[in-house]
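S.K.: Sequence lines, in order, name chains A, B and C.
Numbers 1 to 165, taken from our numbering, label the letters of the first sequence in order.
Numbers 1 to 133, taken from our numbering, label the letters of the second sequence in order.
Numbers 1 to 369, taken from our numbering, label the letters of the third sequence in order.
Derived from the structure by calculation, the hints contain no laboratory data.
Where a beta carbon is used, it is the ideal one built from N, C-alpha and C, also for glycine.
Be aware that a few hints might be false.
Said to hold, decoys possible - Listed next, the in silico DSS-like pairs over lysine-lysine satisfying Cα-Cα at most 30 angstroms (straight line):
(1) A:11 to C:52
(2) B:68 to A:147
(3) C:204 to A:33
(4) B:68 to A:150
(5) B:116 to A:150
(6) C:194 to A:141
(7) C:204 to B:87
(8) B:10 to C:204
(9) B:87 to A:141
(10) A:78 to C:194
(11) A:150 to B:10
(12) C:52 to A:64
(13) A:95 to A:78
(14) B:26 to C:346
(15) C:346 to A:95
(16) C:346 to A:33
(17) B:116 to C:194
(18) A:95 to C:52
(19) A:45 to C:194
(20) B:22 to C:194
(21) A:141 to B:22
(22) A:150 to C:204
(23) A:84 to C:52
(24) B:10 to C:194
Claimed, not checked - Ranges of calculated distance between the beta carbons of each label pair, as one might list FRET restraints:
(25) A:27 to C:175: 51 to 57 angstroms
(26) B:31 to C:268: 54 to 60 angstroms
(27) A:27 to B:24: 22 to 28 angstroms
(28) B:68 to C:319: 51 to 57 angstroms
(29) C:92 to B:24: 18 to 24 angstroms
(30) C:135 to B:112: 22 to 28 angstroms
(31) C:186 to A:131: 44 to 50 angstroms
(32) B:119 to A:27: 27 to 33 angstroms
(33) C:24 to B:112: 23 to 29 angstroms
(34) B:31 to A:124: 45 to 51 angstroms
The residues making up each chain are set out below.
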Amino acid sequence: MMISDIESDLKSKFPDSLLNVVSEDRRISLLVKKEELHQILSQLKDIGFNHFSDVTAVDYIADKEFELIYHLWSHREKIRAIVKVRIPREAPTVKSVFDLWTGAQIHEREDHELFGINFEGNPNLSPLFLEDWEEIPPFRKDFDTRKYVKEKYYSGEEGYPVAKG
Amino acid sequence: MIKMGYLSDKFSRTFAPFGILKNLFKKPMTLQFPYESLPPLADYRGRHALDLEKCAGCFICSMICPNKAIWPAEFNGRRYPQVDLGKCCWCQLCEEYCPNEAIKLTPHSMMVTMDKESAILGLGEEGFVPRHK
Amino acid sequence: MDIEEKEIAFLTVPFGPQHPASGHFHALMKVDGETVLELEPHPGYLHRGFEKLMEYRIHPQNCVLADRLDILDPFPCELGYVNAVEKIAGLEVPKRGRYIRIIMTELGRILSHITWIGVLSMVLGFDSANKIAWGDREKIIRLNEMATGGRIYPCYLCVGGARRDISQEFVDETSKALDYLEGQLSFYDYFVFKNETFVMRMEKVGRMTAEEAIDLGATGPNLRACGVDYDVRKDEPYEVYPEVEFNVITREEGDAYARSLCRRGEIAESISIVRQLLNNLPDGAFRIELSPVWAAPEGECYFCLEAARGEKCFHMVSDGSPFPYRVKVRPPSLSHSLVQFPYLVKGNTIADVPAIYWSLDPGPADVDR
């Protein structure tokens, strides 16, 4: 199956959700609207994209949005698909893809802990890496790592750092 | 015939590891440290050395250090970089970006101390050495 | 007298992190006698937050810190970061630089697999093979020291090429080391891989079918042992891989023994790749000189490569400043130790748990980053 077949198949099934489609040598990249995200991913799985690589999040604080990026790979056709979607920063919620790919659960759990994005339908969203964390999710752009470290572990002044205690 | 192949396979799998006995007659791989040791090669990344004649006090080394291990200090009225070996990650970026080739990494790699103060390299009467209280 | 059952309770046994069989990883097992019913992993002992730390540092500093993303196999981490930046900027690395990078990467793959043989043997109680493997690692660690100046942490690559050149002495020593390692491979064959006890402990243990493996997100030798031939070096080639010839090792059974044989086959293929590259090494420049505050233009890139453990991908977003806007590393071991491991141990005895865990070859530093 060629990339152009995939493109025309998706364009016929979801005419108003696809905002931008870019096709390269072995990759197809889509920017989609949030409403039909789960159906588009389900359709991609039926076409043959059976390997779920990753789901990442990028914090665009100036636009007040998160961008979620799903990376898929098809073992049969050797094509990579990249699906991007923008969700609002205030109450970020998205439907989980755990029912399509079992391996997606752990990537969503990591994004929930580090960015605060809620995935509905994921069976286990408990903290993965951090223990007793009381601040905002640490990978957001409004969390300053250097200020936090200076105040908690050093005396908080400028100049040569001297450890507390 | 299949049974013969199965038996001979099992026989070789069970007795093959005894071939290790030939290692009894070989020289051992271990070195009795600290009486013998493997010397580091000439361009190993070890402890820093500073040439004060060449140092211009620009502190590019301090700006490029990824772990902020190099900070300015004073000695005899001059400012020079002091290195905190506890924070150093031995990456050699300070040597690569120094414009006068003043700070270099030597192959000296035996650095053990019980005292945190002496992990800071600074200038004293003896040159660029660990500080002691 | 009637005896009635009041309560059934199961014992919870911890697996690590101070256990000699587990590395920096902790898991809680619920056991019924000797059979494991459920396993709950608790990672996070090595979480340093690299992806956030990299947003505060410029590219030369990030290349040096990227080795620590997976210390048992540091070259693909540096290679991925550097290639992602170069693809955004459209930089063309000189030919000698590309050859040097892949020679060191393949030597690192051999080192990672020999370390894996040593740790797997230690965990199964086979101490002799552990000590011999540790002695064989010295050959490659000495080559690392000759080329990069550090034994374990190379700090070797930079945007635009490699930081140091390799000398003729390195080329000669590497050929000698590769001859020695080929002899050692036939030794490991009869001492470890055909050892009756090793075969009995690893055969038919931790079995996965191809559909299960793809659904759980397996990559690397774990997937190739189930019959799926997915190797990023062949499917999406990068650097100089289109110019070398090598085979992709697959097996059909999908159990722990098949995974071990896949890794043993990969050592032989890597030796052949390094030999081909050393024979055709071109002369010339090995680096493009860039200023430390060089900034990549605005853009985004997703670069995938094949590490020793599986498919490792770097997603980089750049906004035109010397600091990257977002760096995300897709670790291959995240699904090995947090998704496949709890799935495969159900129903096995406690003695099989270390064998299954280390046959999947997880890297705890890789899981947590």
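S.K.: For which of the previously enumerated hints does the structure constitute a violation, in increasing order of number?
M.R.: 1, 3, 6, 7, 10, 11, 14, 16, 17, 19, 21, 22, 25, 26, 27, 28, 29 and 32
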